[in-house]
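J.: Sequence:
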Amino acid sequence: MIEERGRVLSVEGNCLWIETVRRSACDSCQARNGCGQSVLQRLGLGARQGAIRVVDEAPVSHYRAGDEVVIGIEENAVVRGSVLVYLVPLLGLFAGALLAQSNGAAEPWIVFAAVSGLGAGFAVTGWLARRTQGDPAFVPRLLGRAVDAPGVVSEIRVKE
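Take 0 as the starting number for the sequence shown in numbering that gives the first Met the number 0 and just add one per residue.
Heads up, some of the hints might be wrong.
Estimated spans, in silico, between C-beta atoms of each pair [what the hints assert, rightly or not]: (1) 50 / 123: 25 to 33 Å; (2) 51 / 97: 36 to 44 Å; (3) 114 / 57: 44 to 52 Å; (4) 114 / 51: 28 to 36 Å; (5) 57 / 115: 25 to 33 Å; (6) 61 / 89: 42 to 50 Å; (7) 52 / 106: 44 to 52 Å; (8) 131 / 66: 24 to 32 Å; (9) 140 / 118: 30 to 38 Å; (10) 54 / 103: 52 to 60 Å; (11) 55 / 79: 54 to 62 Å; (12) 133 / 11: 16 to 24 Å; (13) 130 / 11: 22 to 30 Å; (14) 130 / 0: 19 to 27 Å.
Hints are computed from structural coordinates only; laboratory data are not their basis. Quick reminder that beta carbons are idealized off the backbone N, C-alpha and C, glycines included.
Starting from the given sequences, assemble the full structure and let the hints guide the process.
T.: Written out as structure tokens, the structure reads:
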């Protein structure tokens, strides 16, 4: 389970709107001096805020705006999502190029077929994403209140 701390923005029925701060792992990386991500992090462009809607079966009326909570998502969902977003379009690109090359097409047609395969891969990714939209495995879950070290996400401002 991958866990993230966040702050409750609002409570709506059995839903919580939670804001998290996305941070980079540049401080623990050995290649931080030669990496473009590290430059973006130093410029302040790497830590962005994101609002997440978390649906919980249990009543969430005991949460209030400003409460720090922990949300989580299964590691398997992250791996499946990564395959969906990265591998499917890449397979489409290679399939288009290899199909055109095996039919003896000239190089411009191979490039056109590769780009067409990439587009088809993106279309398949969109279709699969719509199919899995209601899958509970891809939805973050509320794990509970953040009990240790209050103020860890103090950079987040609650809008009231």
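J.: Would you mind marking each hint as holding or not holding in the structure?
T.: Going through the hints against the structure:
In this structure the hint that residue 50 and residue 123 lie 25 to 33 Å apart at CB holds, the actual value being about 29 Å. Distance hint check for residue 51 and residue 97: the Cβ-Cβ separation is about 40 Å, which falls inside the suggested range of 36 to 44 Å. For residue 114 paired with residue 57, a C-beta distance near 48 Å keeps the hint of 44 to 52 Å intact. For residue 114 and residue 51, the hinted distance range of 28 to 36 Å is satisfied, since their beta carbons lie about 34 Å from each other.
Distance hint for residue 57 and residue 115: a CB-CB separation of about 48 Å, inconsistent with the stated range 25 to 33 Å. Between residue 61 and residue 89, the C-beta spacing of about 46 Å keeps the proposed range 42 to 50 Å intact. For residue 52 and residue 106, the hinted distance range of 44 to 52 Å is satisfied, since their beta carbons lie about 48 Å from each other. Taking 24 to 32 Å as the suggested C-beta distance range, the pair residue 131 and residue 66 conforms, at roughly 30 Å.
In this structure, residue 140 and residue 118 meet the distance hint of 30 to 38 Å, their C-beta atoms being roughly 35 Å apart. Judged by the Cβ atoms, the range 52 to 60 Å given for residue 54 and residue 103 holds: they are separated by roughly 54 Å. Take residue 55 and residue 79: their Cβ atoms lie about 22 Å apart, and the range 54 to 62 Å is violated. With their beta carbons about 19 Å apart, residue 133 and residue 11 fall inside the hinted range of 16 to 24 Å.
Here the CB-CB span from residue 130 to residue 11 is close to 26 Å, well matched to the stated 22 to 30 Å. Distance hint check: the CB atoms of residue 130 and residue 0 are about 24 Å apart, consistent with the given range 19 to 27 Å.
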